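Just so you know, the protein sequences line up as chains D and R, in that order. With my numbering, letter number 265 in the first sequence gets 265, and the count goes up by one each step, no holes. With my numbering, letter number 182 in the second sequence gets 1182, and the count goes up by one each step, no holes.
Just so you know, these hints were derived from the structure itself, not from any lab. Mixed in with the good hints, there may be bad ones.
Claimed, not checked - So, partial list: chain R residues that the calculated Cβ filter (under 8 Å) puts toward chain D: (1) R1005; (2) F1009; (3) P1048; (4) H1050; (5) V1052; (6) T1054; (7) F1113; (8) V1126; (9) F1129; (10) P1134; (11) F1207; (12) V1210; (13) L1212; (14) N1214.
No experiment lies behind these values; they were computed from the predicted model shown. The C-beta atom is built at its ideal place from N, Cα and C for all residues, glycine as well.
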Amino acid sequence: MTRRIGLHLLLICLAAAAILPFLWLICAAFKTPADLLNSTLLPWHHLDRLTLNNFRLLGDRPFGRWLVNSIFLASAHTVLVVTLGSLGGFALAKYQFAGKGPITVIMLATLLMPPQVLLPGSYELMYRLHWLDSYLAIILPGAVSVFGIFLFRQAMLGVPDELLHCGRLDGCSELRLWWDIALPVVRPMIGAYTLLSFLTEWNSFLWPQIVLQTESKYTLPIGLNGLTGLPEYQHNYGIVMAATLMSIVPVIVLFFALQRDFISGLSSGAVKG
Amino acid sequence: MNRDRWWKFQSRAAPYLFVSPFLVIFCVFLLYPLARSLNLSFHKTFGPRHAVYTGWSNYRFLLGHDVLFGLAVMNTAFYTVAFVAIEIPLSLGLAVLLNSRGVRLRNLFRFSFFSSYLVGQVFVGVIFFQLFSPDGLVNQFISTILGHRIVIPWLSSPAMAMPSILIASLWLATGYGMVYFLAALQAVDPELYEAAQIDGAGGWDKFFHVTLPNIRPMLLYMVLIGTIGGFQLFELPFVLLQGAGPDGRGMTIVTYLFIMGFGAGDLGYASAIGWMLVAILLIVSLARFRFFSREIGA
């Protein structure tokens, strides 16, 4: 019994340490500049001094634009990568066609490459296409994921051939087979992959930082990195923390909505792999 | 008849139509830039417009003369080894604790540990930039424990730059590793523990002789993704230290690639750095592969 209580106490301490930076962030976002200096977490004796002012001051920066840009880019990325990956993965898993072998090998080989090696070549290509400072430079290269197509291929190998055959006899086109049979079978994986794709693009920094030049086109990570370095926010950092809080909340909400799929999808894939 | 021919056509063409959007984008925006990067690495360039062929000189300079590249490789390798050596025992330890019998609210604990993984590296950098400031939460905490005020220059002293990066990235990644280990632990056959119990094994015996051998594939997988991720480290130190850090102690290989390619404008040199990274990761994978196959042979 004492052992169980000790175990739980230990877990509570560890969990508190793990979420302490979150708690500190939430507190900092609502504090006045003076209280940022004087109180560690909250000014307990003067809770009435907590303020929404930091969020209001965000209006002075194009923060709203960055938020909208991030939502747009992450959504576009997710929709494209799931659609193209599941179509391609379906073809790789359930059809025989000319060139399938070489395509598979080349794609697998690129999986071994660190993506950063592409940056100079991609930059040059975008320069030639006149796509620098344009969202096309972010959306199109991001529309395919080799990891994603193999994830779908792997999952769709499990779609029973008899089911597809019955569908054909009933007069379904091949596209209907993809939509009505293959996608529903791999639904749990789609949930996990959707979240992962959204998260990746939401947090993506290096390529957008290289491509985007106009401040109003920035995404949240780029905008926030810029704010962090500004001397005016060195001590008066409540505004930066308010912005950070608002950047983290959407993905946490999304995670809660999809969490069952995510943890099971993540770990089932891991154990099989 | 016409409808029949259409039907045959759509079933024959389907796989090509399905895979071609992916394939076209893959070739134009992945394969082509990859080939261009290889070609550029043999050039000296001034922005995207002017390039002069220089043969192997970029690579010769990188390997023979470039002190900053040496520093970047040392930093990155040190970070990777330290990160893997600390993260894996921590994640595994947490997973074992959470997997003990009779733990209540397991999902809540799991989410508390995992949640930091949802925060991207850039946002972690922004948060820890303040936590590590001279009067930040970390220094306040240490001062409280010691009983007197102490100011550790986490982000401005060369010696503390790497420990700061490690602490922030461990906060980010430990819970993520724990989720994987927890899944592996839950997949271990409980009968093995019962058998060990009957043979009189204690807690530590069970851990070393039942748990560890059974989660070995997961252990190796975590070492591999930890190593690959470690060598590609960029965002966290770049934001946390607002650049390469004091005396370049926060400079990683990718930071150096970014600075040379997009600060100094030499895309050719940046490409060469990128291909050195490819070579390093290839060596790491081969080394791991040899180690792994010897294990299977034994």
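Hints versus structure:
1. R1005: violated (14 Å)
2. F1009: Interface hint status for R/F1009: violated (11 Å vs cutoff 8 Å).
3. P1048: holds (4 Å)
4. H1050: Violated - the Cβ of R/H1050 stays beyond 8 Å from chain D, reaching only about 12 Å at its closest.
5. V1052: Violated: closest Cβ of chain D sits about 15 Å from R/V1052, beyond 8 Å.
6. T1054: R/T1054 check fails; min Cβ-Cβ to chain D is 15 Å, beyond 8 Å.
7. F1113: holds (5 Å)
8. V1126: With Cβ-Cβ at 5 Å, under 8 Å, it holds.
9. F1129: At 5 Å from the nearest chain D Cβ, R/F1129 passes the 8 Å test, so the hint holds.
10. P1134: With a closest approach of 10 Å, the R/P1134 hint is violated.
11. F1207: It is violated, given that the least Cβ distance between R/F1207 and chain D is near 15 Å, above 8 Å.
12. V1210: This interface hint is violated because 17 Å lies over the 8 Å limit.
13. L1212: Violated - the Cβ of R/L1212 stays beyond 8 Å from chain D, reaching only about 17 Å at its closest.
14. N1214: Since chain D brings no Cβ nearer than about 12 Å to R/N1214, farther than 8 Å, the hint is violated.
When the structure is compared with the earlier hints, violations turn up for hints 1, 2, 4, 5, 6, 10, 11, 12, 13 and 14 and for no others.
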